[in-house]
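Order-wise, the sequence lines are chains A and B.
If you're matching positions, the first sequence starts at 0 in numbering that gives the first Met the number 0 and goes up one per residue.
If you're matching positions, the second sequence starts at 0 in numbering that gives the first Met the number 0 and goes up one per residue.
Keep in mind that the hints were calculated from the coordinates and are not lab data.
One thing to keep in mind: the hints can contain errors.
Stated by the list, open to error - To spell it out: a stretch of chain A is covered by chain B in this simulated footprint if at least three of its residues, at any positions, have a beta carbon under 8 Å from a beta carbon of chain B; those stretches are: (1) 60–69; (2) 88–98; (3) 101–114; (4) 139–153; (5) 234–243; (6) 332–342.
Stated by the list, open to error - Within a straight-line C-alpha distance of at most 25 Å, the following computed SDA-like cross-link-like pairs (lysine to any residue) qualify: (7) Lys373(B) <-> Tyr155(A); (8) Lys507(B) <-> Tyr155(A); (9) Lys386(B) <-> Arg283(B).
Please read these numbers as outputs of a predicted model, since none were measured by experiment.
No residue lacks a Cβ here, since even glycine has one placed at the ideal position from N, Cα and C.
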Amino acid sequence: MDAYVYLKIFWFLILGILLMGLAIMVGMDMGVGTLMRFVGKTDGERREALNIVGPHWDGNQVWFILGGGAIFAAFPTLYATSFSVFYIVMILLLFSMIMRPVAFEYRSKVPSHRWRDSWDWVFLISGALPMIVYGAAMGNILEGVGFHFGWDGQYYQTESFIWYLLNPFAVLCGVLSLSLAIYQGGTMLMIRGSGALYDRARNYASVGGIVALVIFLIGGFMVSGMKGFQLVSGDPGMPANPVSGQTVTLANGAWMANYAAHPILWLVPLLGLAGMILGVLALRANKPTLGWWMGAVAWIGVIGAVGTSMFPFLMPSTSNPDQSITVWNGTGSEYNLVWMTIFGLIFLPIIISYTTWCFRVMRGKVAAPDTQDDHAY
Amino acid sequence: MDMLINPTVVELSRLQFALTALYHFLFVPLTLGMTFILATMETVYVITGKQIYKEMTQFWGKLFGINFALGVATGLTMEFEFGTNWSMYSHFVGDIFGTPLAIEGLMAFFMESTFVGVMFFGWDRISRKAHLVVTYLVALGSNLSALWILIANGFMQDPRGGTFDPNTMRMQFSSFIDLIFNPDAQAKFVHTSIAGFVTGSMFVMGVSAYYMLTNKRKDLALRSFRIATLFGVISSIGVITLGDALGYIDGQKQPTKLAAMEAIWNTDYNTVSASWNLIAIPSRSEQKNLFEVSIPYILTPLLTHSETTVIPGIIQLEQEAKPKIANGIKAMIALKEYNLDHSNTQALATFKQYENDMGYGFLAMQFAPDQDLKKIDATNLPSVLDKTAKDTIPNVWVEFWAFRLMVAAGFFMLALFAFAAYFSLKNEIEKHPALLKLAMWSIPLPWVACEFGWITAENGRQPWTVFGWLPTFVSASTHSVGYMVFSLIGFTLLYSSFIAAELYLMFKYARLGPQDDHHGHGSAPAGGGMAGQPVFAKPSMDRK
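Use the sequences and the hints to build the structure in full.
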């Protein structure tokens with residue numbers, strides 16, 4: 000295999016890591032946003048909840064932006080096509096993502112009850128909706144999407160958004176993603192919160208973990224039976240152009256082919272299951288930090304399982320399967336991937352170190368701020 | 000391209016992008032400038048140990064925070080919109096345009112966003128010096144962020160560092176050095192960053208003037224005012240100098256933009272006496288200015304920094320485009336044939352011959368019979384060439400006036416900063432309430448200049464998204480009108496309520512001002528179940 004193929008595989012793994020980082024870190028904030036109205040009965044408790052993620056939500060949100068930028072650069076055609084084909088849900092996701100920073104900054108700046116309660120609804124919607132969309136989009140991609148390309152690389156959509164929004168499997172994936180976010184947000188509330196907030200967060204997080212576990216098992220059976228895609232021919236080193244160059248067939252159970260070929264890959268979904276089970280047990284034993292890490296493991300297992308099933312597919316097409324976007328035809332050029340790799344290798348360790356430093360500086364339990372204290376969220 | 004995108008969808012996509020970009024750009028300049036002003040104030044605090052400078056940093060930091068949140072939020076839209084609304088663009092240049100955006104996230108935005116939390120909440124958790132470093136990192140991060148975004152924008156203005164590959168049907172990244180050292184990007188980065196400093200200076204100066212006029216915390220207002228005026232004088236001079244350099248660079252690469260900016264229809268070969276239009280009413284249909292006030296002898300040195308360079312007029316530029324369009328048509332026909340059959344080496348050879356003009360072939364599609372370039376023959380070719388040539392010129396009226404409003408605002412601000420700095424240094428500023436009032440009422444001016452600057456740069460780039468390579472109407476996603484109406488209504492509702500909330504909070508906190516009352520309890524109750532105490536109770540940022 001030539002260097003270009005290794006680079007393509009490397010960037011597929013990076014894509015996976017970004018999606019996992021996004022799910023763990025942003026999912027945690029979204030989970031807190033979703034839970035805030037339920038774990039916080041008083042304004043003080045709600046502010047306590049907000050300030051638990053207060054110093055970090057902005058940095059976490061950058062995972063999302065970085066994910067977008069990396070997909071744009073490393074998988075230009077995937078970025079162009081998936082964002083456009085999923086237009087309505089992407090716009091809804093975007094609206095949620097832009098409402099949230101504003102809610103953080105503005106909510107506690109005015110003491111009126113109506114003002115704050117309105118922003119609390121914004122937190123609920125902008126926390127729950129993106130997680131559902133995130134999961135549903137993954138579900139849709141597993142099922143295949145109705146699109147194909149013109150000769151020049153412009154996409155054409157052949158499926159209305161109602162279908163991909165409302166099909167049962169996609170909704171199930173959306174609920175899975177939301178449950179894991181609630182679990183992750185709940186554990187964070189336990190780590191830095193106390194009193195009644197801690198107890199309520201523990202209950203919601205446990206329910207989130209159990210629901211996620213059940214759905215993950217059901218979803219797994221559904222995937223093993225559904226129509227999957229299989230690459231019949233296509234040179235991994237091909238120029239990145241999905242218009243022509245590969246042959247694809249559809250077959251029931253095709254998403255299980257990679258597991259059948261390499262049984263060791265079963266460890267990936269098992270990791271997800273183990274994370275969920277051990278996580279819930281850790282919360283019952285009042286070990287929220289351990290629980291948080293188990294939640295991270297659960298996300299890694301779930302997203303890893305999807306990636307393992309689909310490899311090398313990134314976004315299969317139902318209306319012209321040969322034009323499915325794969326790791327082989329969907330990446331940037333070799334030159335670009337080399338530069339992206341260099342920058343990634345230099346800056347990711349730097350980012351991880353200063354993010355860790357910031358978390359350490361701001362660690363510790365959070366108390367509810369005074370009503371008039373507007374120096375906290 | 001089998002069928003062109005519905006023109007209404009293209010127009011709505013452009014409208015949405017323009018509105019969201021202009022809106023985002025309301026928050027960016029203040030972030031760019033304020034971070035360095037905050038860092039300066041905090042530096043004075045760390046060096047002298049005077050508490051007032053800490054208070055200043057924290058007070059202006061609060062106003063900065065209100066603005067910062069919306070900058071981050073609306074920046075997300077920009078990154079999404081390339082994918083959601085400009086799929087062909089993203090496919091065509093993502094390999095090279097996406098890279099600076101990704102690096103921006105890695106190198107700059109992550110840093111800025113991570114440290115901003117510690118900057119707001121970490122005052123008593125880390126040492127003074129460490130906190131100062133954090134503030135500088137936020138400032139550095141926001142400005143590096145602008146650098147990478149403008150490197151990406153530089154590629155749209157003057158595509159360097161990428162080559163078209165007929166096998167992948169896109170421009171591929173070929174030279175990192177050419178991409179980042181693009182002269183357009185370099186000049187525009189400095190111009191934009193400094194424009195941010197002007198914005199921050201005007202904001203701090205104007206709000207401080209208000210405190211002086213209303214006798215609020217004069218100690219703090221006088222000091223802030225002075226720092227802002229000094230920042231303002233230096234940065235106004237810088238922004239004008241770099242703006243001139245940018246105009247010069249753009250003029251060489253995009254003569255159509257330059258001609259439209261100055262409303263020059265006919266080439267004047269007498270470079271010495273050529274006159275510069277101060278005011279003009281350009282008419283596209285008549286290809287002349289219906290009315291103009293112009294000054295002879297200054298056009299050539301002003302625009303080309305020489306006495307002898309001829310500036311081509313719009314009419315000449317249209318004629319010069321015609322051979323490129325004819326070549327472009329041949330290139331696109333050959334490219335399509337090659338893409339339908341990769342063994343057609345003849346088509347590939349033809350394409351290679353005319354490759355550099357392929358963008359003009361794209362541009363001609365909209366005027367070809369049935370939008371099919373193959374149906375162009377000897378009889379309809381002249382009319383296609385004519386219409387396409389006219390389409391290579393941006394909207395002259397918009398370009399001419401957007402540019403002039405920006406420049407006028409810039410020079411006015413320079414004068415204002417100069418007077419304000421003079422009186423501030425002489426400790427006489429309080430004796431000039433008229434000047435203070437003018438400073439206060441001029442707060443919106445830098446925003447006017449920034450927005451019109453963006454319009455000048457991006458309207459002048461039309462009809463292209465990537466100058467000379469990809470027309471705007473080809474770049475859009477193939478959405479339905481319904482999709483676009485949905486998102487436009489959503490953006491309008493969301494963004495209007497955001498700006499209302501932002502202005503409400505900005506006015507509220509700016510009016511309230513920095514408080515020297517450390518207790519503040521017992522003042523007028525604000526109403527509501529949880530209220531009864533003033534919101535602004537403690538000037539420090541320590542958390543309970």
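Inset, instruction - Could you check the structure against the hints above and give me the numbers of any it violates, in ascending order? - result: Of the numbered hints, just 8 does not hold.
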